[in-house]
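There are 2 protein chains.
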Amino acid sequence: MIDKLTEKIRNTHAPIVVGLDPMMDYVPEHILKAAFQEYGETLEGAAEAIWQFNKEIVDCTFDLIPAVKPQIAMYEQFGVPGLQAFQKTVEYCHKKDLIVIGDIKRGDIGSTSAAYATGHLGTVKIGSRSYHPFGEDFATVNPYLGTDGIKPFVDVCKKEKKGLFILVKTSNPSSGEFQDKLIDGRPLYELVGEKVAQWGADCMGERYSYIGAVVGATYPEMGRILRKIMPKSFILVPGYGAQGGTGADLVHFFNEDGLGAIVNSSRGIIAAYKQEAYAKFGAECFAEASRAAVEAMAKDIDHALQTAK
Amino acid sequence: MIDKLTEKIRNTHAPIVVGLDPMMDYVPEHILKAAFQEYGETLEGAAEAIWQFNKEIVDCTFDLIPAVKPQIAMYEQFGVPGLQAFQKTVEYCHKKDLIVIGDIKRGDIGSTSAAYATGHLGTVKIGSRSYHPFGEDFATVNPYLGTDGIKPFVDVCKKEKKGLFILVKTSNPSSGEFQDKLIDGRPLYELVGEKVAQWGADCMGERYSYIGAVVGATYPEMGRILRKIMPKSFILVPGYGAQGGTGADLVHFFNEDGLGAIVNSSRGIIAAYKQEAYAKFGAECFAEASRAAVEAMAKDIDHALQTAK
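Residue numbers (this note's numbering), protein chains in the order written: chain A, 1 to 309; chain B, 1 to 309.
Next up, chain A with everything else stripped away, as it sits in the complex:
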């Protein structure tokens, strides 16, 4: 799957992942109205609204991008119907040949981590039959519990040719509270980065490992160091756009081959129509605004990478 990701990034010239994190505030009135008319003001109605919202954005952007990253929390808040919308979104994106990164940030130990890995990336056996419950291609994982928590995910990835992005340095302001603490003079995130490189060493695709890392765009200097600590790991970079990261901040997350990083934008793309720059599209044409925002983001990153050469 990591080879498919690098190939798709090469073909689209866009190391971009669109974060499908549909907040109700983002969903235009006409979609909400239609969904509530059909299902009422219920969890099912909300789930239908976010699914229709996603579908239009995917239809308008799939040819420009390699991957999407649905944030499962935004679906889980609507209970079981919300998770049905999550699953439908994953399936639909696969039909459009997009790679799906499940932003699930799960992490537990032993058989519990194995159960999460099975549910999201693997195959569950029931009697004589097999199922792929949620069926994402990659998942984000939390490392706080150590190797016991990660290994069951890695095992499933090896078997299924899927991949992980392990949280190393997150994009939020308080990420330093624990992640930046110095241990023998070095911050915790560097130790976690070293572990990611170790865990990924025997999980190699053609050039990159399928065990990657999450490092926030808001910390470019740390990105530069982590890039060197994990040379074979793809870095998923959140925090571009709405959280404050710019194209120029991203340069050090990439290797010299122009690969090795994929940058997420959620609100900046899926709610583009609410920004002044794309207001002309209006709520009716929200998905076309998203397409324009993807094009602008690809150009911004490409410009930054060319300038840095």
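Just so you know, not all the hints are guaranteed correct.
Since the list gives no way to pick one copy over another, a pair counts as held whenever it fits inside one copy or between any two copies.
As the list claims (entries may be wrong) - Result set (DMTMM-like, lysine to aspartate or glutamate): computed pairs, CA atoms no more than 25 Å apart in a straight line: (1) Lys125 - Glu29; (2) Lys4 - Glu256; (3) Lys159 - Asp3; (4) Lys228 - Glu177; (5) Lys88 - Glu41; (6) Lys95 - Glu256; (7) Lys158 - Asp25; (8) Lys181 - Asp148; (9) Lys96 - Glu160.
Please keep in mind that the hints were generated in silico from the structure rather than gathered at the bench. Computed from a predicted model, the values in this text were never measured in an experiment.
Knowing the structure of chain A, use the given hints to seat chain B on it.
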């Protein structure tokens, strides 16, 4: 909710939480057969089997215990139908007046943590109506992302009178990889423990905060130190029984008032009928074996606490 928990512990004389983590291996043949007959060897069939399994265990133990802790991963591995079984389990336990600790180990930032908190502990507004999607009473949370990740959960808890157990020192062998690293001479888990005490300071019930911590029974010495660092925080203690912790290990997790800790056992109770000690019950009477295992566990802990006095 923390006051209800302490009251129920006092009434039952059992600081015990039964981990409803139904692996398919635990479910007796006759339950599997009936479920597959009705729904086929499908995700729905597996979900029905674990729900029926849970129901019988709850029916046979609810009067002895204050709380249950369903591990959501064991449900999530069966996709949407599995999560329906999770929700049904939560609802059923509430009918039996049990406190439900959702072992979800979620953790993200800002609006994403808020969405998880809403889905599991809170109220989601859809148009003019309100819903409580999964409706647990407590949730376990991962602290790796710092205060930004925890605060949205705390906010929901304040509003809804619910609670958290934040991972501090987990019970697994490799938990020390990051959690034990020394920062200015002190392990990371102590720093996290201090933060838990801070986060919990303005979330007080009668005697205890509703912001608690998770500390593994397998690390009793660390439990003793953390007990002092977080005197007002309830500690959820996994690792008893199957993972190796014994009654004597637990003493230091409690305060002098005999409260402040609640001990989880999953496999040791729900799959008790598979142990030699309870084999006489047989697979047909698996839930009665669970009842006997709860009684033995309560006795073991009570004996340890009395001996320590």
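Going down the list of hints, with the structure as the test:
no.	hint	verdict
1	Lys125 - Glu29	between (42 Å within a copy, 16 Å between copies)
2	Lys4 - Glu256	within (19 Å within a copy, 59 Å between copies)
3	Lys159 - Asp3	within (15 Å within a copy, 47 Å between copies)
4	Lys228 - Glu177	both (23 Å within a copy, 22 Å between copies)
5	Lys88 - Glu41	both (20 Å within a copy, 22 Å between copies)
6	Lys95 - Glu256	neither (33 Å within a copy, 60 Å between copies)
7	Lys158 - Asp25	between (39 Å within a copy, 24 Å between copies)
8	Lys181 - Asp148	both (22 Å within a copy, 16 Å between copies)
9	Lys96 - Glu160	within (20 Å within a copy, 41 Å between copies)
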